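Engineer: Next come the chains, spelled out residue by residue.
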Amino acid sequence: MKKRFSLHAAVAASLCLAALPAAAQETKPWIHVHVTESGDSPKNIRVNLPLSVVGVALEVAPEKIVEKGRVRLNNADISIADMRRLWAALRDSGDSEFVNVDDGGQHVSIVREADLVLIKVDDRKDGKDAQVRVEIPVKVVDALFATEGEEIDIAGALDRLQSERGEIIRVIDGDTNVRIWIDETASSS
Amino acid sequence: MSRLQQALLAAVAVVLLLLASLHFVVVRVHERGPDGMKIWLPLPIELAQAALWFVPDYEKHFDTDTVQIERFSPLAQALLEALEEIDKVELVRVNEGDQTVVVRKAGADIEINVRTDRKEVKVRLAMRTLQGLVDSFDEGRFDAAGAMSALKYSSGLVVHVDEPDTEVSLTIW
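Those protein sequence lines, which keep their order, are chains A and B. Under my numbering, the first residue of the first sequence carries the number 1, and numbering increases by one thereafter. Under my numbering, the first residue of the second sequence carries the number 1001, and numbering increases by one thereafter.
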């Protein structure tokens, strides 16, 4: 009887021990946003939030902007439906340049490199010197275009981001740098 | 010791025990300068709650901006839940010109610091207080008694405003 009890205790203890690392590994994703501005009146913004909270923030955003996690873009130069069709045609083509427009001093290119979509805009028109670089994972673009019509699915993209780690967006626009990334640490550096 | 003295001593002991069991919000206002006003006002939370018994129900449950409160209440709830397991984290830091805004979680508290060249505002509230405040908003109505009760979970200096002319603090103990 005593032997059986100690066997049960040993099994229970090993199960508890086996469960410990799993519990320890259960980490939640955090999204970090850094905005750095240089120039005459520089501004620095750092935001560190659990990704789950961003999902709730979408739910509580005014319906004029986000409805059921979807954003309707009516004023874009190119329709969302056209962008979705373009993406559907190009997403499986591997590494390639989707768009390359040279218009005077303005150069726009959209390139796929491995699992990233890179958008580059160089604007030197009218004495300007603006550069925009945006890097978005392919999975996120897939999720954004998962709806129909003139909407992009932000909630769907957030769902995909739950498993994503690393930098998701980097924008360099003149004096402004924006970096958004996801990891499993609460603080950013 | 006479019976009267014993009765007086017992009465003093009861009052002291009663005071010790109360939570106080102490408001301190200190205007700088020779003619500056100085206020030190201790307010027992429990007595304020008791006073609410005499307030008609429609007065202590007042309607608020229902659309805004109901919209942001789930966000606050989600944030509190997500932060529960985190010991220390800086949630927001904004530096703009001479102004710095920092929102962080430190242990069981949430701290908000706003600092400019001439002014500093510090707010430190326990997570449980914030949870109580969130719970005080029910179907677009704000429950004053619930919010007051939530204050008891915070202790020490909860609000400190330091301006060139005035210093205001709110302490709970």
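Treat the hints as calculated values from the structure; they're not laboratory data. Because the structure is a prediction, the values reported are computed rather than measured. Any given hint could be a false lead.
Here are the simulated lysine-lysine pairs, BS3-like style, with alpha carbons at most 25 Å apart [unchecked claim]:
no.: 1; chain 1: A; residue 1: Lys43; chain 2: B; residue 2: Lys1038
no.: 2; chain 1: B; residue 1: Lys1105; chain 2: B; residue 2: Lys1122
no.: 3; chain 1: B; residue 1: Lys1088; chain 2: B; residue 2: Lys1105
no.: 4; chain 1: B; residue 1: Lys1105; chain 2: B; residue 2: Lys1119
no.: 5; chain 1: A; residue 1: Lys28; chain 2: B; residue 2: Lys1122
no.: 6; chain 1: B; residue 1: Lys1119; chain 2: A; residue 2: Lys28
no.: 7; chain 1: A; residue 1: Lys43; chain 2: B; residue 2: Lys1152
Here are the computed distance ranges between Cβ atoms for each label pair [stated by the list, open to error]:
no.: 8; chain 1: A; residue 1: Lys125; chain 2: B; residue 2: Phe1072; range: 35 to 43 Å
no.: 9; chain 1: B; residue 1: Leu1043; chain 2: A; residue 2: Val132; range: 52 to 60 Å
no.: 10; chain 1: B; residue 1: Lys1088; chain 2: A; residue 2: Arg170; range: 25 to 33 Å
no.: 11; chain 1: B; residue 1: Ala1108; chain 2: A; residue 2: Lys43; range: 54 to 62 Å
no.: 12; chain 1: B; residue 1: Ser1155; chain 2: A; residue 2: Pro42; range: 56 to 64 Å
no.: 13; chain 1: A; residue 1: Asp159; chain 2: B; residue 2: Gly1033; range: 31 to 39 Å
no.: 14; chain 1: B; residue 1: Phe1072; chain 2: A; residue 2: Thr176; range: 43 to 51 Å
Footprint (simulated), chain A over chain B, 3 or more residues, beta carbon under 8 Å [to be verified]:
no.: 15; stretch: 1078 to 1087
no.: 16; stretch: 1090 to 1102
The beta carbon of each residue, even a glycine, is placed where N, CA and C say it ideally should be.
Engineer: When the structure is checked against the list of hints, which entries are broken? Sort them ascending.
Structural biologist: 1, 5, 6, 7, 11, 12, 13 and 14
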